[in-house]
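K.L.:
For reference, the chains in residue letters:
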Amino acid sequence: MILFLIIAAIALATALLVVLNPNPVRSALFLVVNLFCIAGLYLLLNAYFLSAVQVIVYTGAIMVLFLFVIMLLNLGTPDRSLNKLKAQAPLAVLGGLILAGTLVWAVTKGAPPIALPTEPMVGLDTLGSPQGIGKTLYDPKKPWLFPFEVTSILLLIAVIGSVVLARRSYGEEASKS
Amino acid sequence: MSILTLLILVPALAALIVALAPQGATRRIACLGALLTFIASALLLRGMPGPDGFFEDSIQRSDWLPALRIQFHVGVDIVSTLMIVLTALLSVAAIVMPFKISAGKEKLYFGSLLLLEATLIGAFSSLNLVLFYVFFEACLIPVWFLAGSFGGEKATKALMKFFLYTVIGSLVMLSSILWLGFHFQSFSYIDIQHGLVKEPLLGQLGLWLMLGFAVAFAVKTPLFPFHSWQPETYAACPTAGVVLVSGAMAKLGTYGFWRFCIVLFPEASKQAAPLMIGLAVVGILYGAFVAAMQRDVKRLIAYSSISHLGYIVMGLFSGSTPAISGAILQMVNHGITVGGLFLVLGLIEEQTGTLKIRSLGGLWDRVPLLSRVFLILTLASVGLPLTNGFVGEFMILLGTFQNFPAAATLATTGVIWSAVYMLWMFQRVVYGPARSEQPLTDLKGTSQWVLGFFVVLVFALGIFPKTFLDLISPIAALAAPMENK
Amino acid sequence: MSEILESLQGLLAPLVIMVCGMLVLLLDLRRSAFAARKSLALACHIGLALAAIACLPALNVASLAGVKFPGSDTPVTQLFGAGMTMDGFSALLDLTLCLVAALVIGMSGRYLEDKRLAFGEFYALILFATSGAMVMTSALDLINLFVGLEVLSVALYILAGYARRELRSEESAVKYFLLGAFASGFLLYGIALVYGAVGLGAQRAGMQLVGGSYTNVMLITEVLRATMHTATPLATSPLFVVGITLILVGLGFKASLVPFHTYAPDVYEGAPAPVAAFMSAVAKIGAFAALARFLQPLAIVELQTPTIRHIIWGIALATMLLGNILAIRQVNLKRMLAFSSVAHAGYLLVGILASLTLRNNIAIDSVGFYLLAYSLMNVGAFAVIVWLGHSGEEEFTDIRRFAGLSKRNPAAAATLTILLFSLAGIPLTAGFLGKLYLFYAAVGAQLYWLAGLGLVISVIGVAYYLNLVVQMYFREPLDESNPEVRGGVAKNVAILCAILTLALGVLPSGILGPPSPREIDGPAPIVQPGLPSERVGGGAAPPGAPMMPR
Amino acid sequence: MELLPWIVPLLPLVGFLINALIGVRLGKPGAGLLATAMLWAAFACSLVLLGQVQAAPGKRLFSPEFVWFNADTLSVSFKLSIDTLTALMLLIITGVGALIHGYSMGYMSHEKNYSRYFAYLNLFVFFMLLLVMSSNLVGMFVGWEGVGLASYLLIGFWQEKKSATDAGKKAFIVNRIGDAALLIALFLIFRHFGTFEFYGEKGILTKAGIDTALGNGYGLVSTTVPILLFIGACGKSAQLPLHVWLADAMEGPTPVSALIHAATMVTAGVYLLCRTHELFLMAPGAMTLVAIVGLLTALVAASIGLAQNDIKKVLAYSTVSQLGLMFLACGSGAFGVAMFHVTTHAFFKALLFLGSGSVIHAMGGEQDMRKMGGLAKKLPITYATMFIGTLAISGIPLLSGFFSKDEILLNAFAGQAGNAFQWGLALLVSAMTAFYMWRMMAKTFSGEFRGTEEQEHHLHESPISMTAPLGILAVLSVFSGYLNPAALKAVAVDLPDTFGHFLGENAGESIAEVNHNTELMLVLASVAVAVGFSLFAWRKYKKATNGELLTEKQRQSGWYELAYQKWGFDELYNELFVRPGKQLATWLWRVADLRGVDGLVQGAGNMIGSLSNLLSRFQNGYVRSYALTMLVGVVLVILTSLLGRGR
Amino acid sequence: MSMADVPLSWYLILSALLFTTGVVGVLVKRNPIVIFMCVELMLNAVNLSLVAFGRYLGDAGGQMLSIFVMAVAAAEVAVGLGILIAIFRLRDNINVDETNTMRG
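Chain order of the listed sequences is A, B, C, D and E. With the first letter of the first sequence counted as 1, position 130 gets the number 130 in our numbering; the numbers rise by one all the way through. With the first letter of the second sequence counted as 1, position 316 gets the number 1316 in our numbering; the numbers rise by one all the way through. With the first letter of the third sequence counted as 1, position 161 gets the number 2161 in our numbering; the numbers rise by one all the way through. With the first letter of the fourth sequence counted as 1, position 81 gets the number 3081 in our numbering; the numbers rise by one all the way through. With the first letter of the fifth sequence counted as 1, position 38 gets the number 4038 in our numbering; the numbers rise by one all the way through.
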């Protein structure tokens, strides 16, 4: 309980900081913290495998990639003078507040207090364990197999994409003939 | 395959051939196509009307769009037959008439005329509401291209207006069509007619559906407040095109009023009669007045036909059999008169290079025949007895007077105004001293024969209208329910 | 294992295309420029043809079995654990997708060469995107919908920015990407909420999941019906309502519905013409297929969730209006087509809305037909742009440059005119029949006002399409030069599209199939009380429904 | 031989067709001869018909009918019915017509459009015959419109002259005003009578018909209908306020004026009233209206006639005023008398017009009397005949005019709704008539010539083809009066009223009866006035060598000016109708149409255009504001869905 | 178990708030990379509620979905950053407030 509250607090705080502070690098770092917190919450929810993945993929890979690009393009803090849309921020906050209110109301009203299904604390085939994940993933009665395959295509596309977009001297080679 | 299908296909194919044929041959091909169609259309008149007035042998019904139960369903009764024959006749006249066409535009010119003929015949003969809509709208395109490519850049704005205006109207009609089609699970005119006889749509619903149709036709006719596209479009069109547009396409509006408003929704038509007749009367006087002040003969005739078509609409909605027969007869008459007038104007324009009233005059002795024909047609459109103009107008006014005396009285004063603007125009255009010295050539050869035929028709219809009325009257009696006012 | 094999052959089309895509990549490795292009294109075409053939058998499966659930008697083909299906609707759309892809690949060849862009990856991406859209068309489970959508979108992001030397192209890519990711965020949140809501609902109704998942459309329908008359019906649970709405938003972005359309004009204008053509058609097909399927559950509980229906009503109207009105002032053909595509999305949404009321397939069929017609005319129009473009200079999109085209290049003028008339919905073209079909369904669903307004609004459309025709036929040319340079395949593509448009418009019987059943009008009645209890018993669950009594 | 009635009108029609189609080939005298021959043939047939009518049962015979058009209850057919009234008109039309045709051959001999002229003339006669012979109102209306057309064509015969074409147009349009009223009358009649036929089963003019009509509520409109008919008559017969066209109509060739605008067409109105007198007798109100209008017209026209200098204008206005007297007679119920005056007037007015024609012919087209004078010696025959005509018209005893006019005066005094006042005014009219006629004679024939040299040199008596008709007409205008010499009763010479007897029922018998002394008084009075004023004018003007009585200064005086300016009717109408009408029309076109009706259409388009520009502001190309738009959309959508979710 | 009585709704609220934060971030930030990070924030919020739901329903679906979300996110990042680099190559600035050559 307390644990949850603490983590939640940190998560919110970091999230806000990501938005609030002007410097991209700092935002990135705050995001990392935030992601860690979420990984922690996963643990609280018995999603061990997932929290591991969270840490490895997100914090490990994605965020590093972010930082890399930021450094590569060495983006500093954009100067205020360039801000062409003055009314943007207040409107955004307003809209955000309304949205938040609505969502919170919806989830509180919609989610009745229900008891947690009891299950062994740490077992081999609990939902959260790698085995559990694997079993469900390949269960032919379940729909997960197909999207899993399709995701491979998605990643392939991503590879092609980054190659096509980021490789410097591509066109020249293409047009020799 | 019904003869109607031929009537639609022949001009369409002719148009196609024209498009592909070498420049030189176009006129001959077009004439051939038009003449064939005319002869074939004349055969329609032999048709034997069935119980609901449609000629059995003309009906053809074959699937077109089964998913929506839309069929290629054509068939004619005497009214549509008359309209088709009129269309074919005017097309022949417009195509055979030896107008000079600016080089390189022959294909477009003859092609559009033939396409227009095909689509008009299609519209007059369709018995499927969607099919009707298709032709009703398709006939815009040739007119549009015709006017656009001859009217030049300045006309484009007017054309846009013309097209959009008509399309708005027909889309409103389309919503009515869709409702009917869904309600009766069929788009066939005959089915819907029977359905409506079984369970008439009374009250607001029927009224709205009827008005949905009425809007489209009011624009096409055009009825008073919906006319502002017309004069400019006429002005932009090459005169031969106007022959068809005003002579035949405008009739699509009045024909539609008859076929889809009066016959399908007798009750609603009765409810709406005061409105429609009111508009018609305003149009009659308004058109006449505005016509009087025009400086261009083409526009003058354009406004005058607003006035004349007003009479027809008034008669159709008056709900008395004489008026309705008169109106149907008058559709033919107006087609012939105004068609002939525009042919004459075309010749004059070709001779003098203008239709500005100010710069015309002194034609009487220089082109005697042409002027005489012009005079006869003018008198016909003034509605002089023994010309075709009179009988229809008289029956319309007489019939309308029985149900709507005030309106008829106002409309009757129209005979004064028509005399005013037509005779004034004629005096300024034909009489007086010659404005210019360039030599003019009078009617001869083809043009002589064509116009001669028109003159014969003017008197034939004026003296022996009975022949047609006997055919029409049983159909006109369809509107009998409105009789008991 | 066997069921997986069945599933595989049941869902051959997208798989064939994915494989084909990979092959193309491999072939591309031995890059010897020009020669390669032809062979690659050939490979793509073969692959697409095979996929198309693979769709054919499903064509005569009563369309939308599984969506028109309950109502249609034909059982649902469930593949991959009820995650996917294959029926007439998806088959028709898959065919359309193959056709579009083939056309785009055809027209893009010389374009890429002129712009000195690699075609191997291009073709592959086109194919992958197509497969993604196919996944969307036959997804029964939200997860598949999501993954398919991402495959499609990510590929499109890349394609939009494919012309790497042009700022516009990159700019459009950035906009498309950022907003796309933003939108998919909403979509995901919606999926999450629906997942939770359905799960809770199922538990309350005392159902237990053995197959499928809580994001399966059939299951959602089941639960909706089961809880319909309980104290807390799913249909009104805030979680579910918000969830569905957010899904609507996410798909609405891809379908470029107002107010989620804003990216469309910029992206279309910036992206290379063939890509613009591709995305205008494919993204719409995918999105509307998904909308058609995943809004269906609402059909059975319409009285309990009327607002969603009102929202769709409003969005449809706004989309038709805004799209048409904004298109008027455009001087850039691509941009104009973009706005017009927004407007067309509005018309399509009318069909979707009608499908929530009508008991038979008319509405859904109309949507399918309209998507086909729309893809043809739009792709054709873009093909004309490609056809007329000079190499070196920028694309031939400024409307003023079309002045007097009829004299300089009659063929192009005529082709474009036919396509424009079709877009405007002038009779004897596919566009007209499509509109007729849609609005017929709408009237059948008693959406009189929407239908009437839509018809009248479409007049604005006529205005700007015709304006272009006026330019080509009635205006004097700025210069006498005949703009045709690239021509080649693009030319044939454009002409082919025009011909198909006319053919569909004049003799549509082939595609539109047999008359639909007669008893159709009126909204679908709500399921009788008492039914749910049986459902809970589960005995009456239809064949293949992933339910079992506890 | 029952086709005979049809032959009468068809003869001139045939003449018209031949002349119209191949007239040019017939050449100069040919065309004219043909036309004239047709008329004489028609005259002969008419005589035969006359005999048949006398013999026929009920003094009326019908031609076979030809159904023109029909729709359920409505059936209109061409059918001729001849009774004595018709027969009389037939004789006048064909007889006088034939004479004038003959005359024209001489008069128009130098005209290049010779055949067209005779074609028109025949056409006119055809329609005029149709008008008087038709057995129903529609057929009559056809003739009615037809003669209007013919007069339009003939007035504008010299189409190079704008004044001529203007006059033609004016005539047609003014007539059309009457025609419109007539049409409405027709509709009303059909509404209540259910037929257009005059006689036969339920005919309009039959007792049975009128009774059924009264059954259908004809009572409500029993006054309206006659008034409408009368308005129609006003148009045709140039009565106030529609008289303005007749004077201008003098632009046409003089024989035309004689035939159409004096002898026949203009009397169609009177014919209409007599034909439908049954309806009029039912409406006393209408009768008084007719009487008043007739009297006023007579006065006004006569007064105008006093001051005109154009010889044809004088005759034109005298025609108008004479017609006025005829309507006065109708109004006072003496339809027979009116017809009697129609007859006599046809003779002497035709005579006078032809005479003036021969004068103008001699003067080489000059019509202004101030340029004439002393022509008596040069044109003896013309002079003699016109002298007789003038005697007749000014009511000198024992000539035709005397008898007919006397009858009218009598009825004005003692007829239905007649009184001394009416009589007095009528007497005044005849006084003025006598005056201006003799003024004309004097100015034209006496004194010495005031024209140019070569005019004088050119003067000559007209050819026989022109003088012969003059002679015949002169004879007629002397003796036609003895058809009804009622006036002689005053001096106890009682000759039979052949005329009234002849017409019988067809012109409602209502000859006023007064005691012998009063009658004598009245006759004497009118004789005195006629003779007195004639002599007065004649001697005055004989003395005035310059042909003028009044000095310039006197001519400025109001009354003369008023009369000279024709009471300013034309100007008034211009101010009242023509100019405002043109303004209205221009306004309708320029403002109402182009700005109003069309403006709305254009406005709608522009509105959408500006809306488009406005909305495009939001399409500002910034990712973040696009995202904002999306967010707004999301919020709206979610809120609505939550708020509106059922239950 | 101490966390046993943490109601489901708390997780949902937390994720809702995180999600909104992300949304607002997208709207107010001008650096596309940061904007994109905010999108990632949104996705994670979604994942959180998915897992929470799954846990309380005793259903594996939640975790499955979130796995796919991660995969997709990874793919998007790769492509997105690629695009940003490409545009940076064309002009040394990726400030979204300056990328509006196309509008209207």
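Hints in this document: simulated from the structure, not taken from any laboratory. There's no promise every hint is true.
[Claimed, not checked] Ranges of calculated distance between the beta carbons of each label pair, as one might list FRET restraints:
1. D:P3064 <-> B:L1016: 52 to 60 Å
2. B:L1016 <-> C:H2045: 30 to 38 Å
3. D:N3419 <-> B:F1459: 23 to 31 Å
4. A:V93 <-> E:G4058: 47 to 55 Å
A virtual CB, placed ideally from N, CA and C, is assigned to each residue, including glycine.
K.L.:
If a hint holds in the structure, say so; if it doesn't, say that too.
P.N.:
The hints, checked one at a time:
no. : hint                            : verdict
1   : D:P3064 <-> B:L1016: 52 to 60 Å : holds, 55 Å
2   : B:L1016 <-> C:H2045: 30 to 38 Å : holds, 33 Å
3   : D:N3419 <-> B:F1459: 23 to 31 Å : violated, 52 Å
4   : A:V93 <-> E:G4058: 47 to 55 Å   : violated, 39 Å
Figure legend: structure checked against the earlier numbered hints; hints not met, in rising order: 3 and 4.
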